[in-house]
Amino acid sequence: MPVDHRRIQGPECSEDYRKPKNLDAALLKKGGRRADGRKCGEQRKIFLKPGVVSQAKGSAYIELDHTKVICSVFDPREKASRNVEQQTVRGEIFCEFKFASFSGVQRRSHQQEADDKEYSLLLKNALEPAVCLHEFPNFQVDVQVLVLQDDGSSLAAAITCAGLALADAAVPMYDLPVGLSKAFTGDTEFYDPTGAEERLCLRGVDGESDHGVFTVGFLPTFNQVSQLFHSGHISPDRFEKMISEVGTLAAEVHKAVQAILLSAVKSSIDSSNNSKLLL
Amino acid sequence: MSSTNERIICVPGQVLCASSNDHVAGQGTFERMGYIYASLAGVVKVEKKLEINIVQVQSLKEQSTVPSPGDIVTARVLIVKSRQCMCEIKCIGDIALTRPFRAVLRQEDVRATEKDRVKMYESFAPGDIILARVLPIMDVHTYQLSTAENELGVVISHSEAGVPMVPISWTEMQCPVNFTKKLRKVAKVIPENIDIDMEDNTETEKKPST
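Top line first, the protein sequences correspond to chains A and B.
Each residue of the first sequence is one higher than the last, beginning at 22 in the working numbering.
Each residue of the second sequence is one higher than the last, beginning at 78 in the working numbering.
Hint data in this document are derived by calculation from the structure and do not stem from the laboratory.
A quick note: this is a predicted structure, and the numbers were derived from the prediction, not measured.
A virtual CB, placed ideally from N, CA and C, is assigned to each residue, including glycine.
Certain hints may be false.
Listed next, the in silico BS3-like pairs over lysine-lysine satisfying Cα-Cα at most 25 Å (straight line) [as the list claims (entries may be wrong)]:
#1 B:LYS167 / A:LYS276
#2 A:LYS100 / B:LYS167
#3 A:LYS100 / B:LYS138
Covered stretches of chain A (in silico footprint by chain B; criterion: 3 or more residues with CB under 8 Å from a CB of chain B, positions within the stretch not fixed) [unchecked claim]:
#4 23-37
#5 132-142
#6 183-191
#7 229-240
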């Protein structure tokens, strides 16, 4: 679609430049409970299912309450030749992240917008260290992520989902990547934020300097952070503290992904009686 | 790890065992810091070869095959130019591919002898099916092939009449309908469905063992 360069494309609606005076009462009720009844450090219930897209080599679907993400991984194909100077012989992951037009309150474009492209790059950075790229030199593996409904933590959900989809597609990996996100403003921290919590923390509360949303791609077995994305303002001490907590928080999600994968393998073995695995 | 019917199932990143002189990382696994980890989700298999245990992981889905140097591949010739021809790899060994891969066959890799005297138009034609070997990867985009062996070269070629031609020597093929002869670099493999009187009747279309 041709872009109009003669006019200034402002946003469709305007936002108050003043930050809210204090935390919205709806987000943090008395007793420290959040709007959906969770505690501040509690994760939403995860629903994960591998092998949902029949046309793809591997796929997975994740649901974090109202955040729904589906990921498909395709067979390696020859690298679409782009920058000749950058070319290396090792393999590549090509990520395509897209929020569906109906995923948020406002309709989105059917083509990739700026934040879709940014998230694609972030997802690629999160997944790359986990995949054995030397096993498919000169090839690229396509990972397509579609957010069906966005209620916060969609990038974190996408990282976890893509990790499961890659494992489902028999792409050799060093580890199962796991995505986590935390929104914070001042002293209040929301682990696995919903959309409303994210939006508030991205703006921040008046008088509190630390605010933002923190998304981490983590490799649990090797205790390594593959990708870190923070939007907002954070002090170095706070930053260190949050990084040190990532390991314990990721263990929970990692356990869920492992359990799902194991049961998926088990059920396919049990269902195929004369499988070729019987040697 | 969980086991069903004495099988051990694993996920990527799971520790399998400590690596030592008699425990070696095989396919589907990798070694790090003295331990063998799984890199696929599947069943663990330990193969014993000459007192060495090779730890492998077999996944339920076939790991996508990628042409690697030394493989014998089946390719179709797309474009023939004066110094090279562009091909499309259709099969690797016995495995047919879902996605074709592009490859290049250069003039100096067609034959083992008299490499510079080779004329591409007299060795291949567009539409030919050839057997070739993958050369070590040098170019980033495309694979390089070689037919510089007796068993490699054109296997199936169609004449203008649309009929598969019959090889009459290692440089010529003849159309059975109009008896015109065409020059090709013929492979020493006989297609199954063509009845040719050969000394060795048991020879079938088989790929040379790698």
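* To do: Could you tell me which of the numbered hints above are not met by this structure, giving the numbers in increasing order?
  => 1, 4, 5, 7
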